[in-house]
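Once you've looked at the hints, go ahead and assemble the two chains, each given alone in its own frame, into the complex.
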Amino acid sequence: MSISTVAEPLTAGLVAEDGSRVSRRLFFDDAVYEEERRRIFERTWLFVGHESQIPDAGDFIASSMGEEPVLVSRGIDGSVSVVVNSCTHRGTKLCDVDRGNASTLTCPYHGWQFALDGRLLGVPRFAAYLGELDKSDRSLHRPRVETFLGLIFATFDLGGPTLREYLGDDLIFYLEATFDRDGTGTSVVAGIHRWHIACNWKLPCENQAGDLYHPDVSHVAALSLGGDSVSASLDPGVQVTTSEGHAMVVRTMPEGTPPADLVPGGNAGVDWFTGRHELVEERLGAERSLIVPIAGNVFPNFSMLPSVFSIRVNHPRGPMGTEVWAYCLVPSAAPPEVREQIHGYYQVTFGPGGLVEEEDGENWIGMTNGASTARTDPRPLHIGMGLGTEYTDERVPGSVAPLFTEHNQREFYKTWQRWMDRP
Amino acid sequence: MDGPAVTAATTGAATTDVVALDLEIARFLYREAALLDDRRWDDWLALWAEDGHYSVPIRRDVEGDDSWGRPVEECFGGPGELHYVDEPFLVASVRVAKLKTGKAWAEQPPSHTTRLITNVHVLDDPDGEPDGDEVLVHSNFLVHRTRGATHQEQFVGTRRDRLRRSDDGWRIAGRRVFLNTSVLGVANLQLFF
Ligand code: FES
Ligand SMILES: [Fe+2]
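Those sequence lines, one after another, are chains Y and V.
Under this note's numbering, think of the first position of the first sequence as 1, with each following residue one higher.
Under this note's numbering, think of the first position of the second sequence as 1, with each following residue one higher.
One chain only, chain V, in its complex shape (with noise of 0.2 Å):
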């Protein structure tokens, strides 16, 4: 079988156009970033669309399926499977006001966390409409919590974000999260990727 083709997707060839386009995602996924950490979820809910959904599918390892080549998105769980999580953005907004209860005992007293993004860069859009107002954008991440005075866990993984443009700035329609582990090495995933 013939290699894939080298082509400016995987030479990273790029104009400065698009290297512009990337920093300026990478700026926006930062300040998205430290929002979660500073634990400012009401200025975080108002970066996404209404219509937004996000999801953390599960890692598939099944036997003859190996992913050399494979776009991550096709070695994890699809519809109709079980997630970690999947739901419209809306339920995001259900989650924070129960942190905000104050009585959510397993973030209480609150954990911190510290997320390095990076990696960022916008996808070839198979799905985008030509000038179309949407990016289809790749970003890498590791989130260290820790809670407690010795508890520590670290979350690595990629991201799919589907980031839309409007008149302030970008927001997020769809967000699916790759965690590396298919076990997950947590009591609970009380947290945003």
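Only chain Y is shown next, with the shape it has when bound in the complex (with noise of 0.2 Å):
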């Protein structure tokens, strides 16, 4: 036997080759989340903003790569940086406030002083380091960051792909239809909706990648009162896994479908967003136009629910806890009074308050304590929903499949094990 010098990760094989099964632990396990911070959460392209939350040079606003918290602004040369809110002295955190607009960042500590994009500028007592303190070397970690259609993010991998070959060319063609449907843009509403779920971070994750096996049930009150089950609201609707392991769910409209049925969601803004649609077509072109985005997951854990113009990012926060932070999407071209009706209902309906969504959270809690307390039983969890139905159809690149499918949930855990495998 030879001994090899590449151990075996201890994450190897917690996802069946068809990801139909999933381990446990995946949603409890320390060393297993140990292991997800280095193998994924440093090496993977994360959501850290959007560019609209930062228009004027100086803006800056907290955020946070994994559980490492970063600070990213706008530069007077109009470019977008972003560093980690630690001093390079003795690591204090720089800057405790959720954002802001300022030149330089002084250390709370001892005073040092650094440029928004991480240059060490002053030094107090500058002469005491004997001429041994080399100012440059001391700059503040700066990940990589590269902006797509208004969303910034950042990568601790510096010589791993483009953001474009991270997203791929068939997730591009819905994250255009999703934040550039009428080539105008999209901005976010100031203020984030911050809250605290004692659940693993995939939890969200998978269900915003297309869980649409749990509406009529988890949210059976909230529709019960609005009428429409989510099986007829949704129809017709295919969830997509894209070459690089992303998702979306969207509805696939046939030809001749009027453009008020085109709308992204709800009944918010419908007159308007019906007369932009020649925009639309001229944006995305006639056959695009027909594809309505409904949710989707940027792996590893930048969701989109565009049906209700939601954008967040689920912050891992521990194996059992996750901080969501939501915002509000809105086209940059909306008036005032739509954008107000789109605020409206999405606030309603999602968010810690919404209607909706108040009932997510309380099953990721249940999911996360069932996998970690009841652990007697051999078998993994079960993810076989519709296995093997998954198709090809030139309208909608990627791995298609019925929606009423785990299609999508397999895709997520098998990418999941990809970057857990990869050396």
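Errors might be hidden in some of the hints.
Listed next, the stretches of chain Y that the computed footprint assigns to chain V, with coverage defined by at least 3 CB atoms under 8 Å from CB atoms of chain V [what the hints assert, rightly or not]:
#, segment
1, 285-294
2, 341-352
Here are some chain V residues the structure puts well away from chain Y; computed CB gaps all over 10 Å [said to hold, decoys possible]:
#, residue
3, Asp-22
4, Glu-24
5, Ile-25
6, Tyr-30
7, Leu-35
8, Ala-46
9, Glu-50
10, Arg-70
11, Phe-89
12, Arg-95
13, Thr-118
14, Gly-132
15, Glu-134
16, Arg-145
17, Ser-166
18, Asp-168
Distance windows between CB atoms, simulated [claimed, not checked]:
#, chain 1, residue 1, chain 2, residue 2, range
19, Y, Gly-185, V, Ala-97, 35 to 43 Å
20, Y, Asp-56, V, Glu-50, 25 to 33 Å
21, V, Asp-167, Y, Gly-318, 53 to 61 Å
22, V, Asp-37, Y, Pro-423, 55 to 63 Å
23, V, Glu-24, Y, Leu-225, 33 to 41 Å
24, V, Gly-69, Y, Pro-380, 56 to 64 Å
Hints are computed from structural coordinates only; laboratory data are not their basis.
This one's a predicted model, so the numbers in the text were calculated from it and none came from an experiment.
Idealized CB from N, CA, C, for every residue including glycine.
Below is the structure:
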């Protein structure tokens, strides 16, 4: 027997090859979580904010990449920087507010002063270092940053793929239909819904990747007040997983569908959206304008709920904790009254006080508790619905499956396993 | 800069009329809290004015925007900004209807709440009409919520209520709830403050 120098990762084989079975250890195990931090959150592209949050030079927002606190800012030249929010002297957290506008950041401990892009500018009592401190060697740690359609992503992997490569052309096909439908882009409403759920971070992600199995049951109370069952309101829809393992749920409307039936969600701003249809056709092409995005997840933890005008990040906070940061997304061109309708519709249905969303967190807590306490059952968890039903369709790029399957969940966990296995 | 002027507002000096009004309002708010703790939704809804408005804004933590001396309402997101809740009172009756279905699973079985309401006093009302029938009221709260055998959480904050005198007692015409935390430590806000 030869001794391998590369140890098998302790997370090997936790997801079945076809994705239909998943170990309970994914949802509570400290050792698995530590590996995730290294293998996923230190290597993938992570959403850190939206360009509309930092319109002017000097604007900054606090965010996080996995558990790592970062500051996202706009430079004088209009570029976006991301720096780790920890002083390079002794590690003190530099900034404890959510947002602001500044030209420099001063550490509250000994007063080292940094530019927003991370350069170390000033050190009190510099002479006492006797010439041994090289300021250029002590700038703030800087992940790589790229933006796409207003979304700001960053990664700690300095040599990995570009953001476009990471997203993949087939996902970009849907992202354009989500974030730039009419060619004038999208922005976020000021303010973030932030709340802590005692659940593993993967559970909200795989839910928003397209768990259409749950709403008619989980959300029955809210749906009973509003009329339609989910199955009726999403027909005809499909689940799609793209080449890089990202998930979308979209409605695929037939040719000749009136523009009023192609608007993103609810009744908010219907007339205005309908009036924009020509622009949408021009931007997306007639065929793609028939695709209406409902939900999705960019691996690992950036989720999209365009049907209720929301984007969110499910930040990991330990193996059994998630901090959701949810934003309300509006078309940049929307007039104030449409903006208000969209904002109101999102707020009353989703977020921690949303009539629909209130039930979700409770389920994910239950799943996390269940996985961590009921350990004696040797059978892994079951994600088998509609296994083998996936197909391809040139109108909807990616691997497609009917709505009521667990296709996107299986693919989410397969993607997870691939990243965990990657050396 | 000069410190704030020492006025009746800061010393708490008050006439017996004002003290009596504070007590009357406190008594109203205590009874209202008991209705919520007892889940007597319809009786609670009846305490609202039909044009009432209920909102739970989000605290802002902005650089250089320290809150010393600033009224609490200026430290939270305003109109056009995301709120946890911001809606006409009529939506509260939809929320109650949802609870009553018995299928709002995050409240099934129901949680148990205890509301501590304190520091109740009537404020000078810059928007109030002299001798009008409305008062602006400050109160603090601590709401303790438990669900199941072990799950416990608490909410602490301040409220600004606009109460209106009617023929059969006070009505809530507006309530703004200012929670201390800007990241909620809870899975849902399926309760009223
Ligand atoms: S830790 Fe930041 S200056 Fe010393
Ligand atoms: Fe849900």
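So which hints don't hold here, by number, going up?
1, 12, 20
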